[in-house]
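Asks: Sequence:
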Amino acid sequence: MGRPKIEEKSDKNDTVDVANSMDAKSEENQPEFKDFVRIFHYADRLSMILNILAFTCAIASGAALPLMTIVFGQFASKFTDFAGGSTDPSDFEGIVNEFVLWFIYLFVGRFVVTLTATLSITISGIRTTRSLRQAYFEHLLRTEIWYYDTAKDSSPAVQISTNATRINQGIAEKLVLIVQGLSMFFASFIVAISVQWKLALITLSVVPAMFIAIGICIAIDAPIEASIGRAYSNGASLAQEALASIKTVHAFSAQEGIIQKYDEYLAEAHRFGKKKIIPYGMSSGMIYFCIFSGNALAFWQGYRMFLSGEISAVGDVFTVVMCTVIASTSINIFFPQMAVVSTAVAAASEFFRTMDKPSELDPLSDAGEKPNQCTGDIELDNVSFSYPSRPSAKVLQGFTLSIPAGKTTALVGSSGSGKSTLVGLLERWYQPTGGCILLDGTDITKLNTKWLRSQISLVQQEPVLFQGTVFQNVAKGFLETQKSLSYDEQLRLVQEACKSSYAHDFIQALPQGYSTYLGERGGTLSGGQKQRVAIARSIVSDPKILLLDEATSALDPQAERVVQEALNHVSNSRTTIMIAHRLSTVKDADNIAVISNGSLVEQGTHEELIARQGSYAALVKAQNLHGNFGQSEEGPLINTEKGGDVPDEHLLTNPNSIIIDEKQASNDRDEIQSTKKRSIWGILYLILREQETIYPLLGIISFGCVIAAATHPAQAVLFSRLIEVFTPNSEPDPDAANFTALMFFVVALGNLVAYTIVGGLCVVVSQLVTHNYRSELFKRIINMDIEFFDQKENTSGALASNLMTVPNNLQELISINIFILLILIISLLASSGLALGYGWKLALVMIFAGLPTFIGAALVQLRLEAKMNDTNEARFSDSASLAVEAVGALRTVSSLTLEADLLMEYAENLRVILRRSAKTMVVSMSVYAFAQSVDFLVMALGFWYGSRLLASSEYTTEQFFVVFMSILLAGQGAAQFLAAAGSITRAKSAGTFLLDLRDKIPRIRETDDNRDNSLDGHEGVSLDKVDFTYPGRLSQVIRGVSMQISSGQFVAFVGHSGCGKSTLISLLERYYDPTSGEIRLGDENIQNFSPKTYRSQMSLVQQEPVLFQGTVSENIALGALQTPTEEEIYDAAKQANAYDFIISLPQGFNTPAGKHGTSFSGGQRQRIAIARALIRRPKVLLLDEATSALDTQSERLVQAALDTAGKMDGRTTIAVAHRLSTIRDADVIYVFANGKVIEVGSHTELQRQKGVYYEMCLAQSLDKSVDTDRADISS
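Under UniProt numbering, think of the first position of the sequence shown as 1, with each following residue one higher.
Quick caveat, the hints were computed from the structure, so don't treat them as lab data. For every residue, glycine included, the Cβ atom is placed at its ideal position computed from N, Cα and C. A portion of the hints provided could be inaccurate.
Below, a list of computed lysine to any residue pairs in the SDA-like style, where the Cα atoms sit at most 25 Å apart [as the list claims (entries may be wrong)]: (1) 275 - 776; (2) 394 - 445; (3) 587 - 597; (4) 1236 - 587; (5) 247 - 1014; (6) 357 - 390; (7) 275 - 218.
Derived CB-CB ranges, DEER-like [stated by the list, open to error]: (8) 1249 - 508: 28 to 38 Å; (9) 1005 - 1147: 31 to 41 Å; (10) 52 - 356: 39 to 49 Å; (11) 1001 - 829: 38 to 48 Å; (12) 1210 - 1013: 48 to 58 Å; (13) 508 - 613: 44 to 54 Å; (14) 922 - 996: 24 to 34 Å; (15) 366 - 513: 32 to 42 Å; (16) 41 - 996: 22 to 32 Å; (17) 442 - 357: 25 to 35 Å.
Kindly generate the complete structure, drawing on both the sequences and the hints.
Replies: Given below as structure tokens:
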């Protein structure tokens, strides 16, 4: 949370607590290699065939270079024979031509097997991780609802994007490189043994030490990586929650506190990351030391065996030593990938840790009875219940109620009395702890879950819509039989349902009608519009049982009345259970059950309960609004023929509501997402330029890179010495041989030092850099304008996914990969320089034959990889967003039995990835395979041309071998560049995202001009000819609104859904700035104040209350400008009428709120949100339907508290309300329609006008027969 906890703890102690917690977790569920193997259980038959084919071809590809050493060794023997004078020049050229053909054959063979391997493993990897993603998503949908109330697992965005991507890398491109590298490694020794077993076995003695080093590295790294992953997952969960509720975060200027909490998770990950330095440094150094020590040993022992006659052909020694060199090269191929596999193991363990949690209730299972028909007779028999998160708190106690089929039963009572809990039990989100629930005489636990939920339609208090069109949202309520109908028939059913829910007219007014796209959670509609679409979705299936949990709470009086009539109509012949605080909606129910403290206190019809003068009658009296006007209750509805009174339903009160046309929408997105063309080198330069604090480390690493790079040209010189020493007919020179062997050992020591430095310090650098960028990304995203979050591509799920993948991709580049690339570049330059210095003719031929080809292939592949990566990332982001949205709305998903549909949609999103990237993938892999094989052609050319230079005596032996080996070894190293192409392209996309984000400067932000402007002396709010159109749209929402709100006034905005009331609240909160006109605080334009300063004097309570993970006290404290005391938190809770229910909880104010506050009822969440607003002690209180979720008693108490709070310290209160009883005492009431003010006055003045407001009051009159103490408006 953004504010410190009530308990007095220093930041240091907090960090220690987090660290200890993480250490404790790291001891549990340690990642194991069996989790990595388990991934392949999700590979289907085709994927397994592709895997086998890929591994086979990777083995063949890896074996190509060792096989080349046989040819090379034989050539060396022929060469020494030629150098010794035993072979004629003409014969020598013919022999060389034969060897050249062998190199061409090897080129063709390696190209084919490399292409087959990479293409097969890429396709298999995508298919396997697709199955794994689907299985994970399916598990999320199968898991019981109550699990998510307290779950602390990684957010779906993290698991389904970041961890799945890590797994894909570990089982696809990186795995095939490991197989290829290992094949190269072992094939080198197999070839060496077959050529000279004794010398090979002596050289092989270094292998155990090398693999012990690798084993130690993986064993130490895996648990560290798991701990890092958990810390990042916790941070991502926090970030996702904050981004999903970004308006609340901005309203309370909570960015800084949430960023601080997020940074704590990053600091914890960084603490674990630094532990990688020792295993990575020592293992890297030891591996290269062992390999080059093997070279020294092979050379030293080989010469001794040559002198003793055990080795007759110099080519045998050359082959063995070359195999050792190739083995060392293979380490560069597979060792960097071992870290990726280690990360994949940790990611897989995290995946399976969640997936292995059993689910007692499976909504996708066929188990359970499926009766042929459902009558709808419900019995609750002695039901008791406690939430799993609060087992000691009884929510229901011995509750018994009969709900007859075909009748309407209403449940009323105070917030937290257990009404909505009954909905959860009927939907089987929870299981009763005692008693049973019967449907048509059958215990619902014996019924098939999907069948049960398909008989029930639910409209919740806080309606949840999904991304997609209006039609798609309503159609989600279809039964299986309806889903098979034609589109025209489905559209007819959707339109009929929307007409019944009073939604058809405003939908038709949209430019694209039922095809209009709705944003995340239906955010492009007003609250009332969302509610009507949700009601249409619930009745489109003609359900047997209808559950209405405050179904009309978000509607204006006229819409409520019409929709209520529609609901009354559709309730005929079906069982209807209505939960309501607004009793006007339940007065016609066949039976009204009054619930208090989890027990049934009375029941009967409206008239019967009024006659008893009990609890229900008291509630009715409290809700009566006005006196007798001398007209019947059924007063006239608003005449929709009157021009000025028509609610302009097409004026949606959120952005993106009007899609102008595809071209315009595309242009808007392009403008907002305009990206500069950036090269990977430019991105890398910018990144490194910003790392001034680690320049000393980068200098040390660069020094290590230089030492490591020098080993390649040094080897070339040493190999030329080897040829000279082994040349026949020359005098034995043990001293020269020993010295050369010693130099190989010196090279080994140099590699030990160099790679220990590079391997160890690059971990520190990559961890630090990505830590900084991860923090920067979150800071920039959370501080973006609300306009930024309104864009389709910037859903909370997509942004949370990017928040994980972008830094990870940057880390993949700024790790050992970039430094190995630096080593290769230095080596290439040094080797080329050495070659040119020794023999420029052969050097130029080999360099210009190989380098342009290689560089061209590299550039083409990078471009193709970047294109494919961007396409795949976008699609994966969309799929992650779908998963996040589904899990975040799991109650709605389960009630609509959408699990199977969502799985199909998710699977289709993933299937598209392979189809759309297939062509690019084939071309990219072909280029990669060519680049990996072209060195054979370069060698063939080098042999052919070099042999002619030798035959003509233009070159000496030393010249030829120094040049040839320099280019050969440099080329072998350079080929590894393409092995990192995937990492480079992902890093390019990540860097582009980061830099583009920097270019997006929020319009509403703190600047030098407004930072120091004080609010002192600025009182009262005024609007002067304010017009507003949402960014990128054409439809005007606010039209020429002017008003003067004096300090201390209570002002109310009323009007029908979609008329612009909530938009005006958004403008007052400075979520947006007016298109024209001004909003002033005192006589100063509010744009002249920094957003934080301006919002510090305001508090907002929204229609749909938003709570965050953390305790109740932390949620209330979020609203405070400074760290509050316990007493201040308690006082705020008392003012909001929340104190009593909070202290009744088992943990009181330290009770966890759960994700999105799901541990509490809607009314309880609203009261905590009001307490959060009041603790701020604002000068301006903005109430957007602040009491809509409260029961009558709580509403009266909270309203009294708000009235009192509004009069304190000259506080100004601005309220948006549909429930007119909450604003009747307002000093001024503004009535809106069409984005304009059409009536202004006090309650009494507006009643006398008998206009729109008067008719709204009539619509809310409850019962004229009740004896109430009400004011006579005539007085």
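Asks: Each hint: holds or not?
Replies: How the hints compare with the structure:
1. 275 - 776: 23 Å, holds
2. 394 - 445: Within the cut-off at roughly 21 Å; holds.
3. 587 - 597: 22 Å, holds
4. 1236 - 587: Not satisfied, since the Cα-Cα distance of roughly 34 Å exceeds 25 Å.
5. 247 - 1014: Answer holds: residue 247 to residue 1014 is near 24 Å, not above 25 Å.
6. 357 - 390: 20 Å, holds
7. 275 - 218: Distance of about 13 Å is within 25 Å: holds.
8. 1249 - 508: 28 to 38 Å: 31 Å, holds
9. 1005 - 1147: 31 to 41 Å: Hint holds: Cβ distance 39 Å, inside 31 to 41 Å.
10. 52 - 356: 39 to 49 Å: 28 Å Cβ-Cβ, so the 39 to 49 Å window is violated.
11. 1001 - 829: 38 to 48 Å: Holds, since residue 1001 and residue 829 (Cβ atoms, about 41 Å apart) stay within the stated range.
12. 1210 - 1013: 48 to 58 Å: 21 Å, violated
13. 508 - 613: 44 to 54 Å: The hint (44 to 54 Å, Cβ to Cβ) holds, given that residue 508 and residue 613 are roughly 47 Å apart.
14. 922 - 996: 24 to 34 Å: Once the Cβ atoms are compared, 30 Å apart, the range 24 to 34 Å for residue 996 and residue 922 holds.
15. 366 - 513: 32 to 42 Å: Holds - the Cβ-Cβ distance for residue 366 and residue 513, about 38 Å, lies within 32 to 42 Å.
16. 41 - 996: 22 to 32 Å: 39 Å, violated
17. 442 - 357: 25 to 35 Å: At 29 Å between Cβs, range holds.
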